[in-house]
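Peer 1: Chains R and S, in that order, are what the protein sequence lines are.
Start counting the first sequence at 59; every next residue gets the next number (my numbering).
Start counting the second sequence at 38; every next residue gets the next number (my numbering).
Just so you know, these hints were derived from the structure itself, not from any lab.
These figures come from a predicted structure and were not determined experimentally.
Cβ atoms here follow ideal geometry from the backbone N, Cα and C, with glycine treated the same way.
Certain hints may be false.
Unchecked claim - Take a look, some chain R residues computed to stay more than 12 Å from chain S by CB distance:
| hint | residue |
| --- | --- |
| 1 | Met74 |
| 2 | Thr89 |
| 3 | Leu109 |
| 4 | Arg110 |
| 5 | Gln150 |
| 6 | Arg168 |
| 7 | Thr170 |
| 8 | Asn172 |
| 9 | Leu179 |
| 10 | Ser183 |
| 11 | Arg184 |
| 12 | Ala186 |
Said to hold, decoys possible - Below, in silico cross-link-like pairs of lysine to aspartate or glutamate (EDC-like), each with a Cα-Cα straight-line distance of 16 Å or less:
| hint | chain 1 | residue 1 | chain 2 | residue 2 |
| --- | --- | --- | --- | --- |
| 13 | S | Lys118 | S | Glu151 |
| 14 | S | Lys140 | R | Asp90 |
| 15 | S | Lys235 | S | Glu200 |
| 16 | S | Lys118 | S | Asp100 |
| 17 | S | Lys235 | R | Glu159 |
| 18 | S | Lys249 | S | Glu186 |
What the hints assert, rightly or not - Just some of the chain S residues that point at chain R, by a computed CB distance under 7 Å:
| hint | residue |
| --- | --- |
| 19 | Val146 |
| 20 | Thr164 |
| 21 | Arg168 |
| 22 | Ala170 |
| 23 | Glu175 |
| 24 | Arg178 |
| 25 | Leu211 |
| 26 | Gly230 |
| 27 | Gly233 |
| 28 | Gln236 |
| 29 | Leu237 |
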Amino acid sequence: MSYGAAIEEGSAGSLMVVERTLIVQLNPALTDSAVRRLRDVVGSTLEAQQLRALVINMASVDMMDSYLTRCIRDLAVSARLMGVPTIVCGVQPAVADTLVEMGMDLGDVRTTLNLDSALRLVKQSRRARS
Amino acid sequence: MPSDARAKSAASGDLLEQVMDVLRRYVSSTTASSAVVMARRRTSSASERLDRAQLREILPSIDRSLRLFMADPKRVDECIKALEVLSCSKAEGGPSSTIVAVKVEQDVVRVRNEARELAVALGFSLTGRTRLATAVSELARNIVQYAGEGEIELKAVIPSGLEVTARDRGPGILNLDEIMTGNYRSKLGMGLGLRGVKQLADAFEVNTGAGKGTTVTFVLRVQ
Chain R
59 MSYGAAIEEG SAGSLMVVER TLIVQLNPAL TDSAVRRLRD VVGSTLEAQQ
109 LRALVINMAS VDMMDSYLTR CIRDLAVSAR LMGVPTIVCG VQPAVADTLV
159 EMGMDLGDVR TTLNLDSALR LVKQSRRARS
Chain S
38 MPSDARAKSA ASGDLLEQVM DVLRRYVSST TASSAVVMAR RRTSSASERL
88 DRAQLREILP SIDRSLRLFM ADPKRVDECI KALEVLSCSK AEGGPSSTIV
138 AVKVEQDVVR VRNEARELAV ALGFSLTGRT RLATAVSELA RNIVQYAGEG
188 EIELKAVIPS GLEVTARDRG PGILNLDEIM TGNYRSKLGM GLGLRGVKQL
238 ADAFEVNTGA GKGTTVTFVL RVQ
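Input sequences plus hints: build the corresponding full structure.
Peer 2: Next comes the structure, spelled out in structure tokens:
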């Protein structure tokens, strides 16, 4: 298991690589520039380390507004374009409720209840392919 | 407390009853009334009705009593903050509103947290707080991105909810109709921000025009 560096002061979260899966743990109180930095770092990490899956854990994020929602979706879609399947997990119930009420969602991005189920899904789909 | 009783206390504007409402969210009914009775005895505010000045006077004493009965000091602070909000309601021209200047993106986080704290004080549920923080975040981001600077005013509407006003002197929103019908996608967001705020809010109003700046007001009831 190797740990990536936290992404700087006022950071958007931390990165961790487990079995060639990049896990992004997002912080609460995200600023826009932290989210932008995160997008850059995630993209280059996926490429540099030849990773096979991306999991974005939203469990500590206490609100998602339209900007953050779009950023997460863009991140997932661009990782998929790179051939890296992406799962978003751990969206809090109140956050999900607010997104629905505002008429937003994550499009066709895969989502799971928590990190455990996300990692299980990664394994399953890997087995299915091999 | 049953909802009809709550409605009654709201309608009659009985401050004492509102104070008890807040306290009962944190301690038992008995503890709540003894804290209030003791505090009033100490400050000799013995008249039948409680006014806001008296409430401000007895707050330190209530604070001390709560600390005896509640294990979590954070919850005590939260409760006292809720009572402070009651003690300076708009009805008496008190400083019931907070104005946060919004200019850089850290301000977006700041005003969001400010709103969340106030919502806790007013008794919003987790879902209510999340909706509020999200709506405030949308408006604050719009100010930073489109107007450069402005302010957000958070005003407690006792006992029913919170009124939020975002003001800026930016370029104004030229395609408001298009945005509100959801046919617009901005480069920066999903084009759904302002419309999303409307969907979340119990009341919503936009005043804008080319060169006039923009004022968005919305109300969220305690939920």
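Peer 1: Take the hints in turn and mark each one as holding or not.
Peer 2: Status of each hint after checking the structure:
| no. | hint | in the structure |
| --- | --- | --- |
| 1 | Met74 | 24 Å, holds |
| 2 | Thr89 | 5 Å, violated |
| 3 | Leu109 | 28 Å, holds |
| 4 | Arg110 | 29 Å, holds |
| 5 | Gln150 | 8 Å, violated |
| 6 | Arg168 | 19 Å, holds |
| 7 | Thr170 | 20 Å, holds |
| 8 | Asn172 | 18 Å, holds |
| 9 | Leu179 | 26 Å, holds |
| 10 | Ser183 | 28 Å, holds |
| 11 | Arg184 | 32 Å, holds |
| 12 | Ala186 | 33 Å, holds |
| 13 | S:Lys118 <-> S:Glu151 | 12 Å, holds |
| 14 | S:Lys140 <-> R:Asp90 | 13 Å, holds |
| 15 | S:Lys235 <-> S:Glu200 | 13 Å, holds |
| 16 | S:Lys118 <-> S:Asp100 | 10 Å, holds |
| 17 | S:Lys235 <-> R:Glu159 | 10 Å, holds |
| 18 | S:Lys249 <-> S:Glu186 | 14 Å, holds |
| 19 | Val146 | 5 Å, holds |
| 20 | Thr164 | 4 Å, holds |
| 21 | Arg168 | 5 Å, holds |
| 22 | Ala170 | 5 Å, holds |
| 23 | Glu175 | 5 Å, holds |
| 24 | Arg178 | 6 Å, holds |
| 25 | Leu211 | 19 Å, violated |
| 26 | Gly230 | 4 Å, holds |
| 27 | Gly233 | 3 Å, holds |
| 28 | Gln236 | 5 Å, holds |
| 29 | Leu237 | 5 Å, holds |
Of the numbered hints given earlier, the model fails hints 2, 5 and 25; all others are met.
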